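Take the sequence shown: its position 117, counted from the start at 1, is 127 in this note's numbering, and no numbers get skipped.
It is possible that some hints are incorrect.
With a cut-off of at most 20 Å between alpha-carbon atoms, the simulated PhoX-like pairs for lysine-lysine come out as follows [to be verified]: (1) LYS88 - LYS99; (2) LYS88 - LYS74; (3) LYS40 - LYS74.
FYI, nobody ran anything at the bench for these hints, they're computed from the structure. Since this is a predicted model, take the numbers as computed values, not measurements.
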Amino acid sequence: MAMAKIKRRGKPKEPLHEAVVPNSIIEHTKSFTAPRGRMEMGGLLFGHVDSSGRNVCVVGFFPKQTQETPQYCEFEGKWMAIGAAAADKANQVNAEQEGVPRIRVIGWIHTHPDLGIFLSGTDVDTFRQNMD
11 MAMAKIKRRG KPKEPLHEAV VPNSIIEHTK SFTAPRGRME MGGLLFGHVD SSGRNVCVVG
71 FFPKQTQETP QYCEFEGKWM AIGAAAADKA NQVNAEQEGV PRIRVIGWIH THPDLGIFLS
131 GTDVDTFRQN MD
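Assemble the whole structure, with the sequences as input and the hints as a guide.
Set out below in structure tokens:
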């Protein structure tokens, strides 16, 4: 399976764990968000932490946007809690199965129309606020 490393622009305040996102999720995201044209769209990434400490994405989820412009997007914060609860339920169901990684919200995603894939300083700050 092909993987992509997400790059971060700007100077980091503190190190973040490497994120590993399968190219299939990147392509799915592009095809899902393409009909929106130049409007940004945001969502959540779910996955697990591997033995090297990397955040490995297994699925992305894009809830309905409450605000959207070519430079900004927003969705309701309740989706973070709903996603975390769904991950907890999946972990409970699979608790007895050996080798099944624990799923959690590993981050969030939003599009940068026509700019490619990267994490801006604002993205990193938003991520930290959401994880707090």
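Structure-based check of all given hints:
At roughly 17 Å between alpha-carbon atoms, LYS88 and LYS99 fall within 20 Å of each other, so this suggested pair holds. At roughly 12 Å between alpha-carbon atoms, LYS88 and LYS74 fall within 20 Å of each other, so this suggested pair holds. As the CA atoms of LYS40 and LYS74 are separated by approximately 16 Å, the hinted pair is consistent with the 20 Å bound.
Violated hints are absent here; each numbered hint is respected by the structure.
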